[in-house]
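> These protein sequence lines map, in sequence, to chains A and B. So in the working numbering, the last one in the first sequence is 766, and the numbering has no gaps at all. So in the working numbering, the last one in the second sequence is 66, and the numbering has no gaps at all.
Everything labelled a hint here was simulated from the structure, so no lab data went into it. C-beta: ideal position from N, C-alpha, C; glycine also. This list has only true hints and no planted wrong ones.
Calculated Cβ distances over 12 Å to all of chain B for the following chain A residues:
hint, residue
1, Leu199
2, Glu283
3, Arg284
4, Met291
5, Glu349
6, Lys384
7, Ala414
8, Arg460
9, Asp521
10, Pro592
11, Ala642
12, Lys646
Here chain A is said to cover these stretches of chain B; the calculated rule only asks that three of the stretch's residues, wherever they fall, bring their Cβ under 8 Å from a Cβ of chain A:
hint, region
13, 16–26
14, 31–41
The following residues of chain A were derived to be distant from chain B, with all beta-carbon distances above 10 Å:
hint, residue
15, Val156
16, Leu160
17, Arg332
18, Ser387
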Amino acid sequence: MALAIDFDTGAIPAEPRHEAATERVTLAVENLNCGGCMRKIERTLDGAPGIAHVRANLSAKRVSIAFDPQRTGTEAIIASLAAAGFHAADLATGTAGDVDSTDRDLLRRLAVAGFAAANIMLLSVSVWAGLASDMDAEIQSLFHWLSALIALPTIGYSGQPFFRSAQTALKAWRLNMDVPISLALLLATGMSLAQTIRGTEQVYFDASVSLVFFLLIGRYLDQSLRSRAKGAAQNLLGLKSGWATVLHDDGTSERLHARALMPGMRILVPAGERIAVDGRVVSGTSDIDEQLITGETVPRTARPGDTVYAGTLALTAPVEIEATAADDATLIAEIARLMETAEQNKGRYVSLADKAASLYSPLVHALGLATFLGWLALGAGWETALTTAISVLIITCPCALALAVPAVQVAATSRLFKHGVIMTAADGLERLAEVDTIVFDKTGTLTRGEPELTNGAEIEDDTLAAAASLAVASRHPYAQAVVREARARGLDFPSFSNVAETPGAGLSRVEDTGAEARLGSAEWCRVAASTPSSQSASEASLYFISGTGKPPAAFHFTDALRPDAAETVARMRQAGFDISLLSGDRESAVRTAAEAAGITHWLAGRKPHEKIAELEKMKAEGRRVLMIGDGLNDAPALAAAHASLSPASAAEVSQIASDGIIQGSRLGPVIETIAVARRNRRMALENFAIAAAYNAICIPLAVAGFVTPLIAAIAMSASSIVVTTNALRLTTARLKL
Amino acid sequence: MTALAWLIPAALFLGLLGLAGFLWALRTGQFEDLDGAAYRILDDDDEPAAADRLTGENERSKF
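Just chain B, same shape as in the assembly (with noise of 0.2 Å):
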């Protein structure tokens, strides 16, 4: 039964680390346009601003 202790406080940790990053990424704005993800993705311009690289982090102050 030793299992037992360890197995759940895993369990729910994992589980709960999944609703961390779910919580997360509501929260940075990853659900906020997801149609305009797909497209990015296919932009391969290696030379983003780095303003660019930032704005992702600062989605949660715009609303």
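Next comes chain A alone, as it looks inside the complex (with noise of 0.2 Å):
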């Protein structure tokens, strides 16, 4: 394994010309949970032709590989990785690298600024001993300027995200809560180091160094939870997109990843794969699931010339399809124009932290000028006066505030993601606290999006088998809903390989009596269509005649609801939600879905266009509305909610839209996710609270200049300590909605 190359050191390889062909790929991988996948992945990879090293990531769920591109490909590591068990997939480049070097450059200041903090504060506890004692004008002196060579230049490197973000708000004519943050930085140290040439004891290097750093660690906790949560998303969306088989005109084909297609491509589409691409059908007729996006259960038939969507998925028959670009005749970019306008009326929303910042900082920057000035004015040195302004300007601003919200985000998100739920955007938690409607989409959200047999009941043993042994040939949703039912009663049926698929009609069979079996709609069956009056029009049916003159079997199947649903709805109209159903389907289905989940305000055959003016109807109305849903149909919608969730199995660019994601089939996560989100704002709420009545004790007793600037640098961290530990209940607290 000579291919595994200290790139870092450039040491030489024993083989040098394979380190050009050496390349690298990131996988994610769903089901990668435990040390066991890790070492059975590590094992399964590690002897297999052309792969220099392997690495998996259990905290990550990510495995990296080197491999020589001539031996093997990413698709055959996948297919390998997909043989031991695991479903993996390669990420979009460039994706694993960015967020991870923000998080790793403010871990690098943050672990400078403790040791310069450490550091000085060996020596500054040196110098106040000193003070009481023999420490002769010399050695303070050279303890000051030993204290001034460690803190300058790590005040100049740790302290640069708050310049850099204070400099960006000062050029937008802004005040952030940065501005307060580097102007105490700013005169501290310039002063301190103004003392240290002049040779006095008015030196604070420490408070200021430690400042940044206990400011440094509430900032890398804001952003390593954020890296996380987009990780997460970044997996998700990985596992979802595909590969695509495309057709050359020379007769030979490829497989390429989804993202290196081109409008003009030729795509075959084998029955059961997902299409990759928008484009048009050049040969072969199957039925299209459509389910992602338009949320309407029952497939459609897609026949030469008919538009199909990425997303949707072949079910019956294979289907050459050329790609074509996303013109603007195509229901995506009608989304994507809908989406770019919810975005935009929605306007910005100004988080916590922002709000109290844009009333804090204005008030601070007064208080510190008016300190400096009052004690001029009172006949105090220029030097006193300043040290008590900073002193003010230390005590006021700092850690308290900037740690009050992204501790507590912390510990919330943390809590959800153990319970499923990421959270993407970063102020969707805040906007999830404030909402008092509940928005579900129907197919995929409230629903399974997959079709259940809901006359089980009225058919014999035998019929069903039959039945089976000609629907398991097939991978329409109904069709397996029927071998669902069989095996799960535990009925033997066989399978046999003269089945044959007319698409958009059903299976038929010769027997080997002569006599035809035919599964499919009334049509195919030859059965009048609308004779059983007992059946609603929401369900959607299959027949089945065995060619031997019995009565031909009808089987009905409806979309079930999640096994949770009925519930979640209950518990959430407890709590006082007003919970409404918004749909794209047929008003039948909505309709039984909306009673069996136990919602009496629904709406069907929605638009997407048409779903945006409900909400703007209930914006209206004084209300704030959480959007739940999946399809891309609803994407503009989630976009365009106070507040969106959407499952896991949600389409990409609704998950992309949502503030974050649900994993797993229940819907319970919501109210929890709603009852963390409600105590996220409390909890913020308190700390401010706590940070306030902290200031309102000190702020008096600095602008009357009993706070050296140093005795201010220790009640801050007091202060940051109490908020993180209030922050740290979150974890555990027991929430009710």
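Join the two chains into one complex using the hints; note that each chain is given alone, in its own frame.
Structure, rendered in structure tokens:
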């Protein structure tokens, strides 16, 4: 395995020719959950040809692999992982790096600040002790110079994130929390330097460095939280996008990653594969499952010339499509336009921390300035005046406020993460806390998005087994529902190789006796379609004729609710939420689902722009809406709503548009999410109150000149610790909506 | 006071050593997978492939 090269030290490997040939890929692995999985993945790939090295990362659920592109490829690696039972997919290039490097950058600055704070404190303590005993002026001056030597580069390096942010804010004529922080840092450091040169005792490098240290902790927590959510979201998206078989003009074909596809390419989509691009059907006819795009559970039959969308599933037969660029006429383009307007209309949400900062910073500056001028006016020297003013700045602006929100958010988001909810929007939790109305999409959100047999009790075992032996040959969701039911009853049914599938119609098989068994639409089975009146119109049906003269059997299906949908809706209503169902599906289907889930207010057949209009109407009534949806058709509504969530099975665009992603098959986490969001807001306010109380006590003392910058720094640390400890309570608190 | 002449540099040196150690660990990806490391130690596989031992050092070039 000579290909494992230490790139960093530039060590020349034994076979330098191979160095250029090594490629790296980072794969997201869906079910990388335990130490054993990690080991299994590494063992599986380690022996595979062309693999230079493998490293699984359990925290990130990713595997990084170096391989020789001559001998293997990403797809082959994914295939061998699939054989070992792991669902893997590669991430869009470049996504793995940027977030992580910001994380590390902050951690580096934090480490430097920590080192400097500890060492300056060491020197400072000696100086304070020396003041009371016998330290002579030269030693004191030496210690001050040493402190300056450590502090100046540290402030310059570790303070950069604050300086940069303050600069950006000032350029836009705004004040944010970083402006007073930067001011306090620069003033305290500058004044200390001046005093060091003059050889006096008013040197406070320790205060400014420990201020940077504590503030960076808050900043790092905030950042690492965001990058973890981002990484998890990227994994989900990566696992969604797929590969496509591209047909070349010379008759050859090639497997390409979905991201590499270009308009004009001809793509062969085998039955059962997701279509990777928008395109037009060139040849072949297949039932297309468009659930993710339109919310419609019944597949549509696509014939040559029809348009198909990325994310849909070719169910019954292979089709050949020609990729088209997203021209303005397509559904996708319309949805993109709607989303853009929705985002614009929504306006910028002002987060709690920003609101606090916009009130607070002018106050702090004014107070600092007033203290300085006041002391000058009272006849104090400029040094005393400035020291007091700096104390005021340090004591007012700092950590407690900067930590108040991130500390709570870290606790809240970690808690949700454990419950399978990934919060992707930074201010998502705050907006979720304000929600009073919940709007569900139907297909795939309130329901499972897969049909279930409803009249199983009426069907005899042998009929079901006979139907299942045909159905097992098809990927059509109804056929699969029949198979599931047969398996659930523990029936044995044979599978035949001579089952023929006619897209848009059904399945047929000629038995040895010459009789033809058929499973499919009413037309296909030559049954008068609207026979049974007991069947509600919302249900879709399949018919089965055995060809032996027995009367046809009817199978009715419905899109079943998620297991805890009704219970969740009931709990939400009990907690005082207004609940509606807003769907693009047919009225009958929506009515049935609404009744089953106990939702009284429902709207069916709504197109994406009509969904937005409904949300606008609710907004005009003064309601704050939480939209929960999964389809591409929900994406604009998700973007327009006050807050939004989508299940992990949602379309890519919808996941990006929403504030958070719920994993798993249950809806219960929505309640947990709102409860945590509300507690998050309450605790952030609590923390602000703690910070305010602390300020109310300390500011008068500081203005009066009783607090030196050093004491200010200690008081500030204490308040930071109190605020952080308070936030940690959220990780274990028992919550009720 | 001559004690100070070597005590302070010694203190600073030790502090810098710690800082350098941390930065090294950060750069070589020691903090990349905190959950996974806990399991790796339990894996008593005594025939790690050559590549496996090197990957730790190679982590840094990944990102």
